[in-house]
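**Q** Letter by letter, the chains look like this.
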Amino acid sequence: MSSYSITEPSVRLKWIACVLVVLYALITLVPLLWIIATGFKSSSDAIAYPPKVVFEPTLEGYVNLFTLQNRAGAEQLAANPPTTWYEQIVHDKGMVISGPSRFGERFMNSVIIGFGSTFLSVFLGTLAAYAFSRYRIPLKDDLMFFILSTRMMPPIAVAIPIFLMFRAAGLSDTHAGMILLYTAVNLSLAVWLLKGFIDEIPREYEEAALIDGYTRFQAFVKVVLPQAATGIASTAIFCLIFAWNEYAFAVLLTSGTAQTAPPFIPTIIGVGGRDWPAVAAGATLFLVPVMVFTILLRKHLLRGITFGAVRK
Amino acid sequence: MAEIVIKNLRKEFGSFTAVEGSSFKIEDGEFFMLLGPSGCGKTTTLRMIAGLELPTSGEIYIDGEECGRKPASQRDIAFVFQMFALYPHMNVRRNISYPLASQGMPRAQIRDKVAEVARILGITDILDRPVGGLSGGDRQRVALGRAIVRDPKCFLMDEPLGALDAEFREHMAEELRALHDRMGATTVYVTHDQLEAMQMGDKIVVMNHGVVEQFGTPQDIYDKPATMFVAGFIGSPPMNFLRFHGRVAAGATEIAMRHASFKVPQTRSPFEGDMALGVRPEHVRLSDRSTFRGRVLASEYLGTTQIVTVQTQDGQIKARVPSDKQVRMDEAVGLEFTSSTITLFDAQTGHALRSELNEGVLAHG
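Protein chains in written order, with the working numbering: chain A, 1 to 312; chain B, 313 to 677.
Fair warning: there could be bad hints in the mix.
Once the Cα atoms are required to be at most 25 Å apart in a straight line, the calculated DSS-like pairs of lysine-lysine come out as [as the list claims (entries may be wrong)]:
| hint | chain 1 | residue 1 | chain 2 | residue 2 |
| --- | --- | --- | --- | --- |
| 1 | B | Lys382 | A | Lys222 |
| 2 | B | Lys382 | B | Lys319 |
| 3 | B | Lys425 | A | Lys222 |
| 4 | B | Lys515 | B | Lys337 |
Stretch-level coverage of chain B by chain A, calculated; a stretch enters the list once three of its residues show a Cβ under 8 Å from a Cβ in chain A [to be verified]:
| hint | region |
| --- | --- |
| 5 | 356-368 |
| 6 | 409-417 |
These stretches of chain A come out as covered by chain B in the derived footprint (C-beta under 8 Å, 3 or more residues) [stated by the list, open to error]:
| hint | region |
| --- | --- |
| 7 | 172-185 |
| 8 | 220-234 |
Hints listed in this document are in silico derivations from the structure and should not be mistaken for laboratory results. Ideal placement from N, C-alpha and C gives every residue a C-beta, glycine not left out.
Sequences and hints are given; from them, build the entire structure.
**A** Okay, structure coming up:
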């Protein structure tokens, strides 16, 4: 045993911490791993009891996710010999592919609406936060509180007025409508978060740029934005996660052209019996963009969340 | 290079008046100090000259051109900030070249300019380093480099040595002054440190509560203070004041207090009321022959000199005397003033009364 130290925990404490962290990671990760694994199971393996941990992987779930299938008679099956690996999988079940499913479309809707509203929230939020941070605005504190107050109830509490407004304005089931809605919900968060980040950037940097011969806008773009990159990145992640995962409004306001993936994935259950592998495959794919986005920006995110906690 | 003229400059923030009708003139090539305690309006004045604040009223002439309302980017001035404000996402070279890039100067020319400035400041070897890891002194030099690189009309500096530690400050102060002498650029320098102002400045403006108290050379300000504030703010320890109620006729050369009377520089105008007699500690001598006597309260040893505090019937006096002079606590001593250096003040308004000593200075102050 080493002697007592203020900065170094003892070996025993380190072990305890290690075990706790591993335990916590297991608890949070196992459901995720289970979903990913289910996506590669056959329909019968997916519902096997006791649950199968070791199984033969198949892409059946993914094929079912992306295609519409019809049951076919023997002569029809013989007339349409499979030419690709996915047709083979369907063929083996005694079915034929009748066309692509709507999953790809819905997934793209999620991408367009999620990233679109994230971009708009961060763009407008940065401009508003900069103005609130730097200019003498009459009633500044009241306005900031007013912006914050829009978050004091769950957004879904105003679902019915929004539903009626969207119907009247012709925004129901449109990309523009959903982008607008998610931006409206996210903007208050974006303004508050970004104002905090911009407040931390000393004014002197911009003033130096003004004196060096740049206009205020140039100073904003060339000096403030690079400094605020960390804050912008973490704000963008928060906005994207909200817009990406949002379910209630999506169910209420979209059904066709602008439907996002979250309300769509559960509908897979009803298509060809309880097709859990297809649902799991959809959920797995749905995780990918946010994970990639977060991993790309994670350096900023970690710094961003703790930013301002310690006075430099 | 340019001369700067400030006329009736005034700045209000809501109901708070930061600067009240200041007027002064900064000659071409001068090293000009704006001195005062914090919150006196000196930084606001500097920021108005720079174009970072708009004046509420009044005019600023740079090189004969009124530019109180012009944006900072069009004034062709350079500003050195207290915290340096180097762009943290750029390296040293890009920081220094940034003002040139805004003018659209060709790249090759920028490189030559930056190299030249780096040589002058002795920072050639750190040009490609990020500014994050630089020491205080190097940051200071980079900030200066960014200021001098485009030959602006004048330099404005807001307590540029304030962020440095004491030892390095001394060194940078010398470097700054040498740089100024070499470039001959008009420089306006804000500080709250009276020693720094005296040491570096050609001229000093002393401000308090948004008002210019006095404007002149360091010697004039030290020897012939225009107000009691200036007399008390400058000098360490500050000027002694003996307060009394009395009267003085025009042309008088002696002033009578309750318990003593002193020779003073010949007065120019009559006055009656509450007055203060001001004398600097180094103009007070301990003398056994004197009839103005007091009791020694304390003595502080300062190496070559010592400060002796004496309680007299007319008030406390600090005297700066050679440190080899033996002074004992509670000892009764006589005090003598160098009468030609005495300034009389109107204790109500704080203004100095005109006399032979200060009439030349007060005329334009």
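**Q** Next step is simple, just say for each hint if it's right about the structure.
**A** Evaluation of the provided hints:
Only pairs whose Cα atoms come within 25 Å are accepted, and Lys382/B paired with Lys222/A is accepted, the gap being roughly 22 Å. For the hint pairing Lys382/B with Lys319/B, the CA-to-CA distance comes to about 16 Å; that is within 25 Å, so the pair holds. About 22 Å separates the Cα atoms of Lys425/B and Lys222/A, which keeps this hinted pair within 25 Å; it holds. Among the hinted pairs, Lys515/B with Lys337/B is consistent with the structure: their alpha-carbon atoms are about 10 Å apart, no more than 25 Å.
Remark: the region 356-368 of chain B is confirmed as covered by chain A, as 3 of its residues place a Cβ nearer than 8 Å to a Cβ of that chain, reaching the required three. Interface restraint, the region 409-417 of chain B with chain A: holds (4 residues with C-beta to C-beta distance below 8 Å; minimum three). By the rule of at least three residues with a Cβ nearer than 8 Å to a Cβ of chain B, the coverage given for the region 172-185 of chain A is violated, with 0 such residues. Coverage of the region 220-234 of chain A by chain B holds in this model, with 3 residues showing a Cβ closer than 8 Å to a Cβ of that chain against a need of three.
Of the numbered hints given earlier, the model fails hint 7 alone.
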